[in-house]
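These are the residues of each chain, in order.
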Amino acid sequence: MKNSEIWVAFYTIIVREIRRFTRIWPQTLLPPAITMSLYFAIFGNLIGDRIGEMGGFSYMQYIVPGLIMMSVITNSYSNVSSSFFSAKFQHSVQELLVSPTPNWVILLGYTLGGVARGLFVGLIVTILSLFFTHLALENLFLTILVVSLTAVMFSLGGFVNAIYARSFDDVSIVPTFILTPLTYLGGVFYSIDLLPDFWQSVSMLNPVLYMVNAFRYGILGVSDINVYWALVIVSVFIVVLFGFGLRLLNQGKGIRS
Amino acid sequence: MTYAIEISDLKKRYEGGFEALKGIDLKVEKGDFFALLGPNGAGKSTTIGVLCSLVNKTSGSVSIFGNDIDKDFAKAKKFLGVVPQEFNFNVFETVFNVVVTQAGFYGITRAVAEERAEKYLKQLDLWDKKDAQSRMLSGGMKRRLMIARALIHEPEVLILDEPTAGVDIELRRSMWEFIKKLNEQGTTIILTTHYLEEAEQLCRNIAIISAGEIVENTSVKALLKTLNQETFILDLDTSLPANWSLPGFNVVVSKDATTLEVEVVKGQSINVIFKALDDISINVVSMRNKSNRLEELFVKLIKG
Chain A
1 MKNSEIWVAF
11 YTIIVREIRR
21 FTRIWPQTLL
31 PPAITMSLYF
41 AIFGNLIGDR
51 IGEMGGFSYM
61 QYIVPGLIMM
71 SVITNSYSNV
81 SSSFFSAKFQ
91 HSVQELLVSP
101 TPNWVILLGY
111 TLGGVARGLF
121 VGLIVTILSL
131 FFTHLALENL
141 FLTILVVSLT
151 AVMFSLGGFV
161 NAIYARSFDD
171 VSIVPTFILT
181 PLTYLGGVFY
191 SIDLLPDFWQ
201 SVSMLNPVLY
211 MVNAFRYGIL
221 GVSDINVYWA
231 LVIVSVFIVV
241 LFGFGLRLLN
251 QGKGIRS
Chain B
1001 MTYAIEISDL
1011 KKRYEGGFEA
1021 LKGIDLKVEK
1031 GDFFALLGPN
1041 GAGKSTTIGV
1051 LCSLVNKTSG
1061 SVSIFGNDID
1071 KDFAKAKKFL
1081 GVVPQEFNFN
1091 VFETVFNVVV
1101 TQAGFYGITR
1111 AVAEERAEKY
1121 LKQLDLWDKK
1131 DAQSRMLSGG
1141 MKRRLMIARA
1151 LIHEPEVLIL
1161 DEPTAGVDIE
1171 LRRSMWEFIK
1181 KLNEQGTTII
1191 LTTHYLEEAE
1201 QLCRNIAIIS
1211 AGEIVENTSV
1221 KALLKTLNQE
1231 TFILDLDTSL
1241 PANWSLPGFN
1251 VVVSKDATTL
1261 EVEVVKGQSI
1271 NVIFKALDDI
1281 SINVVSMRNK
1291 SNRLEELFVK
1301 LIKG
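Chains as they are written, first to last, in the numbering used here: chain A, 1 to 257; chain B, 1001 to 1304.
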């Protein structure tokens, strides 16, 4: 394929992915808006006032970056896993497989579709948070970089999940049993300084902790970890997951006989 | 000579050990109307799956218009349009978007894709459904949608896997008229079907596959010439007299003696039957083959 044709194919996949999640907005965009508003109201306003300050900020301000990141992680992951698995399930993935679109374009297209939803939901949650508190923005570039890389990483994760999934249950197992615990224990609601030494060390093994803290650093200027480590870790995960996803596609794992 | 499709020593062994293709060789000429026939599980769909990259082959080579599917897959795929047996489009997309999106996967710009989508959806009587969700279409409409989608990049070869399965007679006829026109315009057609009369009427060349091997690959005409025996059914205007016989022919008379079933072996003349009936003043009202001629050969070759 010529470069211009590859671009058209790539653009087509992204547009189709965006059309999908905007068409079913009551399932994709509305639930995180409602859930996060409840978090802001209950944890931020009602309980947060009793907790007091954390990291030098009100509890509400402290948890907002974490909750934005939680939405981005969940939505970018589930967009790709559900979209690609549905395409497998109803065999419409064959439309792509019979076409000359290279596998790396398929992978990149689906990934950026997931990134689009993750960032769109992140923006909605950010706007909602402004009804409850005000947010300073310490480092705009770092904030955008971290949230974008995180969305890429979890979109790729969702893709790998969809490749291996054989039923809709398989698509929900990882978010329920791995992603949610990692996110909740990834410093969204608390600083790891509050934990005993042992649990602080265990927390350092959680990649989500790095992303949440790097994002919080971009907004509030406070972090439990070294931000540069966060960027290195996310970048390594992206490279590994992209390579792995591409290898699975080239092998035809779960999609070719 | 460059063939539209050239398959050489193609083998496919599935993970469980089942050998679906045992080294098949097949050549389809440009502009041909080619039938790939075989019983269920013979290897037809596996062969088509390999051609359109939905099945990974175990060994062998496949080229489409001289482009090896391993070495130059993008070029090879551009020559190919596929209408699969099962519906495989996104059922929540509109008819128009299903077709235009497929064009995008071939690198065709939106403006060109929209023009072509209009052309093919109109030709296939789907234009008034362009904004309907594809899941709302009837079975026949869904099949036509898959044909429009397969044609959107204007392929040189169109593969149709059981395209008329479950389609009513009127629609089947109009579908074949459309496909025949495409073939007349130069598109190579490869067809799998269970309706052997369709293959006999439409196709020039034929391959019969059984248990992963090609058991016959020739022209339909040449194949039909090998038929040694045909069974005709004759409807008569009057009952045959008791003890009537036709020397040299194997004859079965119906209970009411107004229908004759006669086996005619190669070299025998049907005129003899007419003359014998005429001698006893019985007229033949109608006459037909007991079964499709190709079907008789097909059964013989498969059992073979």
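Keep in mind that a hint or two might mislead.
Result set (PhoX-like, lysine-lysine): computed pairs, CA atoms no more than 20 Å apart in a straight line [unchecked claim]: (1) B:Lys1027 <-> B:Lys1290; (2) B:Lys1119 <-> A:Lys2; (3) B:Lys1030 <-> B:Lys1181; (4) B:Lys1130 <-> B:Lys1142; (5) B:Lys1225 <-> B:Lys1181; (6) A:Lys2 <-> B:Lys1075; (7) A:Lys88 <-> B:Lys1142; (8) B:Lys1130 <-> B:Lys1119; (9) B:Lys1266 <-> B:Lys1255.
Think of the hints as simulated: they come from the structure by calculation, not from any bench. In this text, all values refer to a predicted model and were calculated from it rather than measured experimentally.
Going down the list of hints, with the structure as the test:
{"no.": "1", "hint": "B:Lys1027 <-> B:Lys1290", "in the structure": "violated, 33 Å"}
{"no.": "2", "hint": "B:Lys1119 <-> A:Lys2", "in the structure": "violated, 25 Å"}
{"no.": "3", "hint": "B:Lys1030 <-> B:Lys1181", "in the structure": "holds, 15 Å"}
{"no.": "4", "hint": "B:Lys1130 <-> B:Lys1142", "in the structure": "holds, 12 Å"}
{"no.": "5", "hint": "B:Lys1225 <-> B:Lys1181", "in the structure": "violated, 27 Å"}
{"no.": "6", "hint": "A:Lys2 <-> B:Lys1075", "in the structure": "holds, 10 Å"}
{"no.": "7", "hint": "A:Lys88 <-> B:Lys1142", "in the structure": "holds, 19 Å"}
{"no.": "8", "hint": "B:Lys1130 <-> B:Lys1119", "in the structure": "holds, 12 Å"}
{"no.": "9", "hint": "B:Lys1266 <-> B:Lys1255", "in the structure": "violated, 28 Å"}
Violated hints for the displayed structure, listed by number in ascending order: 1, 2, 5 and 9.
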